[in-house]
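Undergrad: The residues making up each chain are set out below.
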Amino acid sequence: MRPLSHNVRRRVLWVLFAIFILGTPLLIGYSKGYRLNDALGLIQTGGVYLHSDISNTLVFLDDEFVENNGAFLRNTLIQDLLPNRYYNLRAQRDGYQSWVKVLYVEPNLVTEARVMMLPSEFDWIEVPATTTLAVTEEIEGATSTTGTTSPEVVPNPEYVDLEEYFAEDKDQFAVEVATSAYAFIRGKRVATTTTVIEIQFPEWLKDVASTTNLKDKEMVREREGIVTWLENGDVFAVWARPEDPIPYFFCEADLPCKEQLSINWWEDILRYEFYPNRNDAVLVLSERGLYAVELDNRSQRNIQVILEEPNLDFRLQGDGTVIVFDTESYRITSW
Amino acid sequence: MAHARDLSGKDKVLYRMFEFVPAIISWGTIITIVLLSIYNPTLAAYLIIAFDLYWLLKTFYLSMHQRHNWRRLRHNMQVDWHEMTDHLKYEHIYHFVILPYYKEPEQIVEAAVQSIRDADYDKERLIVTLAAEERAGEEAIDIAKKLTEKYKDDFGHIIYTVHPKDLPGEIKGKGPNITYAAEQTKRQVVNKQHLPYEDIIVSAFDIDTVILPQYFLCLTWYFLTAEHPHKTSFQPVPLYNNNIWDAPAISRVAAFSSTFWQMIQQERAEKLTTFSSHAISFKALNEIGFWQKNMISDDSRIFWNLFLANDGDYKTMPISYPVSMDATTAPGIWQTLKNIYQQQFRWLWGVENVPYMLFGFVKNKAIPLKKRIYHTMVQLEGWWSLATHPLIILLLGWLPLVLGGEAFRDTVLSYNLPYVTRNLMVAAMLGLVLAGAIAFSLMPRLPDDHPKRRKKYFAAGAQWLLVPFTIVVFGAIPGLMAQTKLAAGKYLGEFWVTPKEKRKETK
Numbered sequence: 001m002r003p004l005s006h007n008v009r010r011r012v013l014w015v016l017f018a019i020f021i022l023g024t025p026l027l028i029g030y031s032k033g034y035r036l037n038d039a040l041g042l043i044q045t046g047g048v049y050l051h052s053d054i055s056n057t058l059v060f061l062d063d064e065f066v067e068n069n070g071a072f073l074r075n076t077l078i079q080d081l082l083p084n085r086y087y088n089l090r091a092q093r094d095g096y097q098s099w100v101k102v103l104y105v106e107p108n109l110v111t112e113a114r115v116m117m118l119p120s121e122f123d124w125i126e127v128p129a130t131t132t133l134a135v136t137e138e139i140e141g142a143t144s145t146t147g148t149t150s151p152e153v154v155p156n157p158e159y160v161d162l163e164e165y166f167a168e169d170k171d172q173f174a175v176e177v178a179t180s181a182y183a184f185i186r187g188k189r190v191a192t193t194t195t196v197i198e199i200q201f202p203e204w205l206k207d208v209a210s211t212t213n214l215k216d217k218e219m220v221r222e223r224e225g226i227v228t229w230l231e232n233g234d235v236f237a238v239w240a241r242p243e244d245p246i247p248y249f250f251c252e253a254d255l256p257c258k259e260q261l262s263i264n265w266w267e268d269i270l271r272y273e274f275y276p277n278r279n280d281a282v283l284v285l286s287e288r289g290l291y292a293v294e295l296d297n298r299s300q301r302n303i304q305v306i307l308e309e310p311n312l313d314f315r316l317q318g319d320g321t322v323i324v325f326d327t328e329s330y331r332i333t334s335w
Numbered sequence: 336m337a338h339a340r341d342l343s344g345k346d347k348v349l350y351r352m353f354e355f356v357p358a359i360i361s362w363g364t365i366i367t368i369v370l371l372s373i374y375n376p377t378l379a380a381y382l383i384i385a386f387d388l389y390w391l392l393k394t395f396y397l398s399m400h401q402r403h404n405w406r407r408l409r410h411n412m413q414v415d416w417h418e419m420t421d422h423l424k425y426e427h428i429y430h431f432v433i434l435p436y437y438k439e440p441e442q443i444v445e446a447a448v449q450s451i452r453d454a455d456y457d458k459e460r461l462i463v464t465l466a467a468e469e470r471a472g473e474e475a476i477d478i479a480k481k482l483t484e485k486y487k488d489d490f491g492h493i494i495y496t497v498h499p500k501d502l503p504g505e506i507k508g509k510g511p512n513i514t515y516a517a518e519q520t521k522r523q524v525v526n527k528q529h530l531p532y533e534d535i536i537v538s539a540f541d542i543d544t545v546i547l548p549q550y551f552l553c554l555t556w557y558f559l560t561a562e563h564p565h566k567t568s569f570q571p572v573p574l575y576n577n578n579i580w581d582a583p584a585i586s587r588v589a590a591f592s593s594t595f596w597q598m599i600q601q602e603r604a605e606k607l608t609t610f611s612s613h614a615i616s617f618k619a620l621n622e623i624g625f626w627q628k629n630m631i632s633d634d635s636r637i638f639w640n641l642f643l644a645n646d647g648d649y650k651t652m653p654i655s656y657p658v659s660m661d662a663t664t665a666p667g668i669w670q671t672l673k674n675i676y677q678q679q680f681r682w683l684w685g686v687e688n689v690p691y692m693l694f695g696f697v698k699n700k701a702i703p704l705k706k707r708i709y710h711t712m713v714q715l716e717g718w719w720s721l722a723t724h725p726l727i728i729l730l731l732g733w734l735p736l737v738l739g740g741e742a743f744r745d746t747v748l749s750y751n752l753p754y755v756t757r758n759l760m761v762a763a764m765l766g767l768v769l770a771g772a773i774a775f776s777l778m779p780r781l782p783d784d785h786p787k788r789r790k791k792y793f794a795a796g797a798q799w800l801l802v803p804f805t806i807v808v809f810g811a812i813p814g815l816m817a818q819t820k821l822a823a824g825k826y827l828g829e830f831w832v833t834p835k836e837k838r839k840e841t842k
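Chains as they are written, first to last, in my numbering: chain W, 1 to 335; chain X, 336 to 842.
To be clear, the hints were calculated from the coordinates, so they are not data collected in a lab.
Every residue, glycine too, gets a C-beta built ideally from N, C-alpha and C.
Take these hints with a grain of salt, some might be off.
[Stated by the list, open to error] If you anchor each label on the Cβ, the simulated ranges turn out as follows:
| hint | chain 1 | residue 1 | chain 2 | residue 2 | range |
| --- | --- | --- | --- | --- | --- |
| 1 | X | Leu370 | W | Asp244 | 19 to 25 Å |
| 2 | X | Ala772 | W | Asp254 | 52 to 58 Å |
| 3 | W | Glu198 | X | Leu729 | 47 to 53 Å |
| 4 | X | Lys606 | W | Leu40 | 43 to 49 Å |
| 5 | W | Glu203 | X | Thr367 | 35 to 41 Å |
| 6 | W | Ser55 | X | Ala797 | 26 to 32 Å |
| 7 | X | Leu729 | W | Ser55 | 26 to 32 Å |
| 8 | X | Ala797 | W | Ser262 | 54 to 60 Å |
Just chain W, same shape as in the assembly:
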């Protein structure tokens, strides 16, 4: 049996070479979003990329189903979109509040957004102020001892712990500073140490702190470069890492990126925290209740209900647990 003939090898090589020469520009063009339109003209399309933490959501584009984002790769890339127009995006899943966004698509660019979907119903664990214990009282008789069991209302230790936790309420940048004063009492030098709470920003945040006058703001928070604060009942957000690219949700097509985003409702915002593990959304408390709100205000801003009741207070723990106080009891949930 002879080795592979030179002729066959040469011919195959030429065919493969031709495929390479023709295929490379086609592949590059395809990868850059070039497609043929109905008139067989070449247009450069754009796309939309949805980041999502929720699995098995149904994604719709202009009310047409695009895909189920699956259990593992939860993000969605929608390509081949005609450029220079707006698209309606919707993500939905049974048992969750829907998320909608109108995004502008430009040629050669992919517009990003992050889906925020909270459950429609939350499972709350209630922690009341008191709890009832069964107390057994033993009565010694002449011949025997008898016991009677009766319910007794006692303070709930879990409630007491949460009360203390709410009372602490330390700011993110608050540090305890100890100062010592000395005095001579009857000829002896006596030191008196007092501790005060001061707001101290890290070095890298100093520029933003001075330009935005952060020291005078309430509830200053920072997450992954986004600095937020509460001022006159509104939440404000700025990008604090000017050397890094500004996050996509500060920018809208054909407009310069915004320096500052704000959430200003007709009623005052009483308290807020960053949404667990995200820097593009916050949990906001107002007189009406507790909500999750996107900072991203391109088109309409998604606002999703956590608990709609007046006179609430809340805290967010590091593990994403939300604790709400309704003047009578605490309620705990997570999702």
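Given chain W, work out where chain X should sit, using these hints.
TA: Relative to the frame of chain W, chain X by itself:
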């Protein structure tokens, strides 16, 4: 000469420059991709997409060669070489087999001797030399004595040689040993018996080499039908079947990668050089003083020695017939991995032949220019692709996404790059299915009542998922290391002998 240090003056400078060439090309490629990913990620993405397509087409092209060689290999294994050689006058042809060893167990050495004894060839025309090393100690020499005595009636001539240690101008390696053995055999047997040099085919075997019974008949046929048998090396296909079922999956993949590359090269004879166990005419070897004694890659260097000595009128003929050797094994997976790496590094240290070849091409103008350019391109492309392509495919292809900056990351191209790369690579990986099937067909069958038969067959299929790991860890990284060491002038001074474990009785 082995390296630049063996030269002086302008020649030394020239040779030293050539020692930089493979590293400059490989590192230049990697650095260029990194810099382009930072400063011009769009261009980097274009190049990566073009490269992905090139890799897919190359995989197809090489698979075509591999498949044809598989068919030819199986055909040659079924051919009755008696019948083939009956048409030729071959009774005058002697086979001189050198079996160099160091501290390998007696069982390994004897298995090699036995497979030669069992060969279907006139025993009177078989010359076997057991080439022991003095530095290996008395035990190694005792093995030589014992086996020489035991098999003295089974061959026309069987002798042993003991290569003295610490001879000036030699490295600790296989080259000095086999050259010493060849010179001693020439004096003790060939010259004494007045055997014509041109009638002797020398097979330089690794000590774990086991041949099929008709190997020498097949080799004889190729030798006698070659246009210029004394200007030709003969290369079998190395299989690593001796202990293949005892070797871990990663070792099997590394072993078959080597086999597959040789199979592909067998169909591209113009690119083929000698590797591992090979055969050359005694006359040709004698003219150049046998193998070089001062460098590691004696098996491939001998081809370039002969190519330059014959003014480019020299080639390697693929015989598409297998010889079987040991896959790398060791006690424990970690030691096995280390041994595989060391063995691959030693093979890839063959890059030391590049400056030798380039220097020879500059000095020997009698070699046709076309041949010089052709071999230069083939060798440089080979070493470059080995050291860089796995890295580009599996690691560097994603760099524009990481280093390209926000402006690039927002583009459609950035989002498509991973998809295009992944899809083309998945298509290329389909070649692995073919590779797996070919490998399976070349492996010995396990007995039906083997307790782990199903498990082992399953592992033999699943092992190919390790390829992305092996081509980087046992290909690109040792390849780059070898090229970097050569450029730094840190030459290997000692041949790393792959440790051989005693083979298990049942396979």
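Undergrad: State for each hint whether it applies.
TA: Structure-based check of each hint:
| no. | hint | result |
| --- | --- | --- |
| 1 | X/Leu370 - W/Asp244: 19 to 25 Å | holds (21 Å) |
| 2 | X/Ala772 - W/Asp254: 52 to 58 Å | holds (56 Å) |
| 3 | W/Glu198 - X/Leu729: 47 to 53 Å | holds (51 Å) |
| 4 | X/Lys606 - W/Leu40: 43 to 49 Å | holds (45 Å) |
| 5 | W/Glu203 - X/Thr367: 35 to 41 Å | holds (37 Å) |
| 6 | W/Ser55 - X/Ala797: 26 to 32 Å | holds (29 Å) |
| 7 | X/Leu729 - W/Ser55: 26 to 32 Å | holds (28 Å) |
| 8 | X/Ala797 - W/Ser262: 54 to 60 Å | holds (57 Å) |
The structure meets every hint from the earlier list without exception.
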